[in-house]
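Novice: Okay, here's what each chain looks like letter by letter:
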Amino acid sequence: MTGDRPVLTMTGISKTFPGVRALHDVDFRLFPGEVHALMGENGAGKSTLIKVLTGVYGTDAGTVTLDGEQVSFTGPMQAAAAGVSTVYQEVNLCTNLSVAENIFIGREPRRLGAVRWGEMRRRARDLLARLDLDLDVSAQLGTFSLAVQQMVAIARAIDVRARVLILDEPTSSLDAGEVAQLFRIMRQLRDEGIAILFVTHFLDQVYGIADRITVLRNGALVGEYRTGELPQFSLVEKMIGQELDVLERLDEQQKRATVALDGQAPLVDAEEVGRRGAVAPFSLRIHAGEVVGLAGLLGSGRTEVARLIFGADRADHGQVRTDGARSPLRTPIHAIDQGIGFCSENRRAEGIVPELSVRENMILAMQAARGWLRPIPRRRQDELVQKYVEALSIRPANPELPVRNLSGGNQQKVLLARWLITEPRLLILDEPTRGIDVGAKAEIQKLVVQLSDGGMAVLFISAELEEVLRLSHRVAVMRDREMVAQLTNDDTLDADRVMRTIASGTPREEVTR
Amino acid sequence: MSSTSLSAVRSWRPSLPRRHVPVLATLALLLVMYGIGVSQYRAFSNVQVVFNVFIDNGFLLVVAVGMTFVILTGGIDLSVGSVVAMTAMVSAALLRAGLPAALVLVVALLIGPTLGFLMGCAIHFFEIQPFIVTLAGMFFARGMCTFISDSSISITDGFWTGMSQERIGDPAGNFVSISVLIAFAVVLVAAYVLAYTRFGRNVYAVGGNAQSALLMGLPVARTRIAVYTISGLCSAIGGILLSFYTLSGAPLIAVGMELDVIAAVVIGGTVLTGGSGYVFGTVLGVLVLGVIQTLITFDGSLNSWWTKIVIGGLLFAFILLQRLIGIRFK
Chain A
51 MTGDRPVLTM
61 TGISKTFPGV
71 RALHDVDFRL
81 FPGEVHALMG
91 ENGAGKSTLI
101 KVLTGVYGTD
111 AGTVTLDGEQ
121 VSFTGPMQAA
131 AAGVSTVYQE
141 VNLCTNLSVA
151 ENIFIGREPR
161 RLGAVRWGEM
171 RRRARDLLAR
181 LDLDLDVSAQ
191 LGTFSLAVQQ
201 MVAIARAIDV
211 RARVLILDEP
221 TSSLDAGEVA
231 QLFRIMRQLR
241 DEGIAILFVT
251 HFLDQVYGIA
261 DRITVLRNGA
271 LVGEYRTGEL
281 PQFSLVEKMI
291 GQELDVLERL
301 DEQQKRATVA
311 LDGQAPLVDA
321 EEVGRRGAVA
331 PFSLRIHAGE
341 VVGLAGLLGS
351 GRTEVARLIF
361 GADRADHGQV
371 RTDGARSPLR
381 TPIHAIDQGI
391 GFCSENRRAE
401 GIVPELSVRE
411 NMILAMQAAR
421 GWLRPIPRRR
431 QDELVQKYVE
441 ALSIRPANPE
451 LPVRNLSGGN
461 QQKVLLARWL
471 ITEPRLLILD
481 EPTRGIDVGA
491 KAEIQKLVVQ
501 LSDGGMAVLF
511 ISAELEEVLR
521 LSHRVAVMRD
531 REMVAQLTND
541 DTLDADRVMR
551 TIASGTPREE
561 VTR
Chain B
3 MSSTSLSAVR
13 SWRPSLPRRH
23 VPVLATLALL
33 LVMYGIGVSQ
43 YRAFSNVQVV
53 FNVFIDNGFL
63 LVVAVGMTFV
73 ILTGGIDLSV
83 GSVVAMTAMV
93 SAALLRAGLP
103 AALVLVVALL
113 IGPTLGFLMG
123 CAIHFFEIQP
133 FIVTLAGMFF
143 ARGMCTFISD
153 SSISITDGFW
163 TGMSQERIGD
173 PAGNFVSISV
183 LIAFAVVLVA
193 AYVLAYTRFG
203 RNVYAVGGNA
213 QSALLMGLPV
223 ARTRIAVYTI
233 SGLCSAIGGI
243 LLSFYTLSGA
253 PLIAVGMELD
263 VIAAVVIGGT
273 VLTGGSGYVF
283 GTVLGVLVLG
293 VIQTLITFDG
303 SLNSWWTKIV
313 IGGLLFAFIL
323 LQRLIGIRFK
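Protein chains in written order, with the numbering used here: chain A, 51 to 563; chain B, 3 to 332.
No incorrect hints appear here.
A partial selection of chain B residues facing chain A, derived with a Cβ cut-off under 7 Å: (1) Tyr198; (2) Arg203; (3) Gly210; (4) Asn211; (5) Leu217; (6) Gly219; (7) Leu220; (8) Ser278.
Read the hints as simulated data drawn from the structure, not as lab findings. Using N, Cα and C, we set each Cβ at its ideal position, and we do this for glycine too.
Just chain B, same shape as in the assembly (with noise of 0.2 Å):
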């Protein structure tokens, strides 16, 4: 037997790595409403209209950084709206109670991915499903905002009336918010640990198999468990954006957040059973999110539902999608 008889025996070679398709299709899909927008509406093509699409959903796209972690171990974090809440909440709380910010930075962003890690622990040592374990993480959460207050707390501080209303523009007057280069550095961040270091090979080899995993030696628990606890981070950071964006903590803020992260990690071609996807796509997947919001706000006669039903449509067509292709795969 010869090696390259052996190499027939490959079953199906693909063109394009199969990988990459469900990317390649958010990314199209993209330029088409891009496109769509720009040929219906003559300001759309202002660059400050994609600005704004970042400014708006800078938190919501770090909170999908650390989602796309979990769902990558084939898990699922159902904490992440209400963790978020929290930390809004924690920070406005201690803000009013005459904390300097520093300490209340620290002090918000350790309380996520200490739920974090508690939660991944529960899944990983108990053998609890992610979802259960993570429903009962977004009620404790929840409730915790309520505990500290019913009603909503205004921030006013300096440093985070500073942070919200810095500008950084080029000389055509278009700007960004701090809050967009704090996630462009988080997105940089995880997408270089995901691709370059141990642990985020580990995440995709526990995303493939992870009883394979176990027995290639990995450390399979401390992965399952890191995942978690980075998922509660990025909510803590994304606590700290929307604090920044709305200058208060409310109890009822980012309720549902999480199913939003959810879709937009799922249109970035991540697989939810895990294994397969990039931070790249959850880029896109967020900003197709962003650009279907800015798409309904033009044209102003459509209800802002219209939003919540194009989402539905996409996230199922592209659920189809991956289904499709693991089908052929098969």
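Just chain A, with the same shape it has in the complex (with noise of 0.2 Å):
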């Protein structure tokens, strides 16, 4: 299947911007009808060498060659020009526009001028059955799922006759179907010649697709491995450096059976809360120490029973009260009150304020909670976040940082601590391990077990089944926007049943047209 003359080589390759070695000595190569899997942890230099393939950043040394030539790329464009093309994690698109257009636009095919619309759409068309896809594609991406969404931006890259295809993290927000879905396009464009770079944090998905693994550490190339002869565990410990002994440790422990909760008032407690349109009528107790998880597919209404118990929503149906709260919880600030912090799963957009530093990050929800009349001191500032920052191991540990500069794991842990300084009862985590690399991940695994452990309650969302049944004590299942199970997590329990709760009964089904 792989050829033998590589069709992409780097050789190397090294890049410093002001303080950081971002690469060092890098060499990679990319054959012709291979998935080739990037690795590495956050900051590893993976994000870095694609910039500097793809001509985002020069080098600063090394040399790039596409088919034996030396090729010196001054961006994205020229780049796709000449058969490197590159889909982003976030999806790069207009949803604006129509599927056809977001195919085509740059490029359309033109008479004296005149954007030929009939000719666009049929070549759109045969391209998306290309991929199997049978879309509308004179209807609006926005339309679309992401999914979908990211199959038009692989058929946008690979129309331009792509020889190398850069896929950064593409599966960082579909489900599991959906991941299927692009895996089977991946494996149709490996088997036609397509050379396939390809980037992701989950290492099953490395295992199911990829031909052959480089990993780098630190800026530095850790080797080049085919992915039958690497066990998944050294693949880990190669990224990480170090012993595993922190997953390690969690996979050991025992099944974090119910506490004793019997005769426990509810520190929460959910009863029959519902928004039209959001989510179902559900009612959800959850106990002081107790890890309750929340399971189901993307869209299933996970961050939306989130959001109505912290208040961000208002429910249409039922009430959430609190044990202190005299009255029901309405809004974010009287959930705050009674002592509820809501990590945000789009910690771009609703957590992180990029341009303030880790310190001025971190104390944002505490002054909140104080009310901005009553500043904290800067000494017990400090006290506090440099505690946090040693506590999480949050890197670089220079609380005056802008948090814009952190990885992606690090800014998670900022907005962690954030809440953790209010010192909770109940935290909600949304997917706090999304995009975040295997060690950082294992960590606020760690912190989780931690701070039940000392009584703090926390409903944790994660679309990873099996960090879900590594912490809760009971999991809700969420199917088609309805709580449809609580499973308590004891022996019998495990990913196969969960998901067999996801997937059983009888889903309406979609109409399809």
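Put the complex together from the two separate chains, hints included.
Specialist: Now the structure itself:
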């Protein structure tokens, strides 16, 4: 399947940013007809390598050759024209335009300067048929799911007669079925001889699709391996560069069977809470020291449940009470007052304030809880921030750095610290580990366990069942915006059973046209 | 996973394309208002009433077309009213100085686009809010009007008076002015450019998501600067048409016109955040404003400020409508 001559080689690539050595003497090669996974923790240099390859950054040293010829792209457009196309993690298309236009804009078929709409739609349909997609190409892109948008982005990328396709974390917002669909397309393109560079944080996916793996660590090359010859365990070791004691210890831990809750009043009692169009009425009780996992597919209403409990959306049915509150919770301010913290899944848009420093981001919630008229003394701020920078091992450990300079995993930790400082009684974590590397993920999981041992209640939302099962005492399962089950996490519960619960019953058939 | 399961993921299937709803709402509103007029006043059904709406608002229409380009990219141009006035002032002053009409036309048509080009560059390269850049442009152009003359200058040039008095009519005696034909020509060209040229599609792309447009390799800088230049050109044409209409240049004419123009564009269904809207909608928006004026004139007992009150109400209703569609879409 793999050709004998690489279509792309990068040799001795080095790149230094002021104060940071992002890449040091990295070699990388890509053969036609292979899927090659580029692995590494956040900050290992994966993104930098891709940006060097596509000409977003220049190099300090090293050469890139495409088909034996040395190239030096000045930008993604030039790279694409030469056959190196990139699909980014965030879908970079225009949702207000039609599917066909998104595929062809910038190179529309024209006659005498006029865009030929009919021809464009026909070619779009042909191209999508190649990917086994049957879409209404004149519909606005925004009316489709993110997964479909991702496929359209790939269609756009391969239409420019790509020989190298770079997929930068394409799966981070897809659910299992959509990932399968994406993989099918990737295999098909691979069989057509396209070389695919695949970046992901999901190890299972790497073993599901990659032919070869290159591992980076701290901007340096660790090695290139055939997927079959590198067990998952050693891959993680190579990425982290240390023993896997953290992960192992968590794995060895006993099932987190229910803590003794008998007779204990719930900390938060949501009774028949619902909101039309968002989530059907559900009841959920969360006790002190309990971790409740929320499982379900993307878009099944997990986040909506969290937002209702926190009061970020107004429930039009039922009410949420906490033991301390005289009246039901209605607004986030009220919820924060009652000791509820909410780490949003959308850390860029709803959580982190990128321009503010780590310290300022951390004290935001506490300051809000105290009221803005009572500023927190600077010395107290420094103490608190120092404590959590150490406790969560936030790197770089400089509290005065703007948060936007931190990697995704570290931003997530800052967000966590923001709520931990307020010492909440219930912490809602919505996808706290999405898009962050293995090491940071393990640290966050460990923290959740510690917090609940210390008596904090946690509502833990994640698309990864494994993670939910590892941490939760109970698992609430969402399907089609409805809470369909609450399972106690005892010996009988495993990923398979949760999966079946998600899938079973009679999910409403979506009407297809 | 079959392809059908993926199409099923599609979140919301509109029976009516979402982007057409605002335009259709405006069309319905226009028909209702016209119907009210016809049922209340016998003379309203006269074709000339409709023609007069075009005659009185031809220059507004041209300027609104330019504004549509800007708003489609998610920008705003507050300078248009002042540029209209400045163009009329410059024309009047140059004609008074005895320059030939053709030369005056060329000069007058160059000033607006030049200012627009400069504002576009400032907005793009210095990443300044369009609001503040065009606000500066607005003060500058208005100041230039008074600098040229602090009182009104009348135009006696033959070409201008000819254009002003020329009537193109049908045998029944109904007529339109040259300005209306020019305005129609501008509308048709603009509609073609937006629908069928790369530049036009780039305008929509930039308005939809400028960051994505950049990553898709579209010329964002050129597009952004071009829309302000086009808006400047349309303002210049509008200024000339206004000077045909009034046969003068006055320093305080078209004050606040930019707001009428923005109202017309938004009522015409173009979304202020960019990426969605049509020139045809803008035509409807201008007609709505014109018909409101006509209705209030026909009534006779109502103060002309009622026009503003109704426009205010409509504008609010339409922004609400856009928002509701947006929420439903989300």
